[in-house]
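Produce the complete structure using the sequences and hints provided.
Protein chains in written order, with numbering that gives the first Met the number 0: chain P, 0 to 105; chain S, 0 to 105.
Note that these hints are calculated values from the structure, not bench results. As the structure is a prediction and not an experimental result, all values here were calculated from the model. There may be inaccurate statements among the hints.
Given that identical chains are not distinguished, each listed pair holds provided it fits within a single copy or across any two copies.
[As the list claims (entries may be wrong)] Below, simulated SDA-like cross-link-like pairs (lysine to any residue); rule was C-alpha separation at most 25 Å, straight line:
(1) K33 - R14
(2) K33 - P43
(3) K101 - G17
(4) K101 - E58
(5) K33 - G17
(6) K101 - A78
(7) K101 - L54
(8) K101 - T80
(9) K101 - G6
(10) K101 - R19
(11) K101 - P43
(12) K101 - L29
Listed below are the residues making up each chain.
Number of protein chains: 2
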Amino acid sequence: MKENVSGCPVEEAMRVLGGRWRLLLIWFLLDGPKRFNELRRALPNISQRMLTLDLRALEESRLISRTVFPEVPPRVEYALTEEGQRLRAVVGAFQEFGLWLKQRDV
Amino acid sequence: MKENVSGCPVEEAMRVLGGRWRLLLIWFLLDGPKRFNELRRALPNISQRMLTLDLRALEESRLISRTVFPEVPPRVEYALTEEGQRLRAVVGAFQEFGLWLKQRDV
Numbered sequence: 000m001k002e003n004v005s006g007c008p009v010e011e012a013m014r015v016l017g018g019r020w021r022l023l024l025i026w027f028l029l030d031g032p033k034r035f036n037e038l039r040r041a042l043p044n045i046s047q048r049m050l051t052l053d054l055r056a057l058e059e060s061r062l063i064s065r066t067v068f069p070e071v072p073p074r075v076e077y078a079l080t081e082e083g084q085r086l087r088a089v090v091g092a093f094q095e096f097g098l099w100l101k102q103r104d105v
Numbered sequence: 000m001k002e003n004v005s006g007c008p009v010e011e012a013m014r015v016l017g018g019r020w021r022l023l024l025i026w027f028l029l030d031g032p033k034r035f036n037e038l039r040r041a042l043p044n045i046s047q048r049m050l051t052l053d054l055r056a057l058e059e060s061r062l063i064s065r066t067v068f069p070e071v072p073p074r075v076e077y078a079l080t081e082e083g084q085r086l087r088a089v090v091g092a093f094q095e096f097g098l099w100l101k102q103r104d105v
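Here it is in structure tokens:
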């Protein structure tokens, strides 16, 4: 399976989670549902367009849900789905490695 | 720490491992040292330039080493460093999630 990339599970995971922000978004959502503007404030370097596209991609992968509450103005919340909760292990591995990197490079 | 992205360990890990190919390269190297052309064949969609840049970035992060053997023609091998071996857990988490994704989306 390692000879050719197509079909490789690591590539499949990167296809869905790749890009600079998606795992970070998942990380924030592990804390609980968040509104669009909360995510935007949490990631000040991401453009509004990129955030929209990444959220939509994660929604299409059924890893997050988008709920519109009929209020004025309407409130939109993003949350991890039950399937998205599976990403806890992936985010955890990234976080642990990132902590080690930061410690090493102090 | 989650309020602002700078300093967050998940972002730090993404900075070093982000991009479509780096974790895949690490995955191949977990098998053992590989030559440039072996990696290129393993990832037919990556351009030579991108492969060079990604390998160089991983080398600068001290996660892989580059060894030139004085042969004719010179043989260049890439291998995980001891520090790079720490990525086994990260790759493992990606692989497991990717396997689940593929099963789900059959």
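Exercise. Using 25 Å as the alpha carbon limit, work out where K33 and P43 are close: within a copy, between copies, both or neither.
Key: Intra 15 Å, inter 39 Å, cutoff 25 Å: intra-copy only.
- At most 25 Å between C-alpha atoms: does K101 with G6 qualify within a copy, between copies, both, or neither? between (33 Å within a copy, 8 Å between copies)
Requested in this report: First find the shortest C-alpha distance between K101 and L29 inside one copy, then the shortest across copies, and answer within, between, both or neither for a cut-off of 25 Å.
Outcome: both (22 Å within a copy, 23 Å between copies)
Are the CA atoms of K101 and P43 at most 25 Å apart within a copy, between copies, both, or neither?
Intra 21 Å, inter 33 Å, cutoff 25 Å: intra-copy only.
For this session: Up to 25 Å between alpha-carbons, please classify K33 paired with G17: within, between, both or neither.
Result: both (21 Å within a copy, 24 Å between copies)
- Message: Checking an output row: K101 and E58, CA cutoff 25 Å. Within, between, both or neither?
- Response: Cα proximity of K101 and E58: across copies only (17 Å, versus 31 Å in one copy).
* **Copy assignment of K33 with R14, given that the CA separation must stay at most 25 Å** => Both ways: K33 and R14 sit 24 Å apart in one copy and 24 Å across, limit 25 Å.
Check your understanding: When no copy is specified for K101 and A78, does a C-alpha distance of 25 Å or less occur within a copy, between copies, both, or neither?
Key -> Close across copies (22 Å), not inside one copy (29 Å); limit 25 Å.
Give the relationship of K101 and L54 under a CA distance limit of 25 Å: within one copy only, between copies only, both, or neither.
-> between (28 Å within a copy, 21 Å between copies)
* Asked: Is it within a copy, between copies, both, or neither that the alpha carbon of K101 lies no farther than 25 Å from that of R19?
  -> both (18 Å within a copy, 22 Å between copies)
- Classify it for me, K101 with T80: is the Cα-Cα distance of at most 25 Å met within a copy, between copies, both or neither? between (30 Å within a copy, 18 Å between copies)
From the Cα coordinates, with 25 Å as the cut-off, is the pair K101 and G17 best called within, between, both, or neither? both (21 Å within a copy, 16 Å between copies)
In terms of the numbered hints stated before, the structure departs from none.
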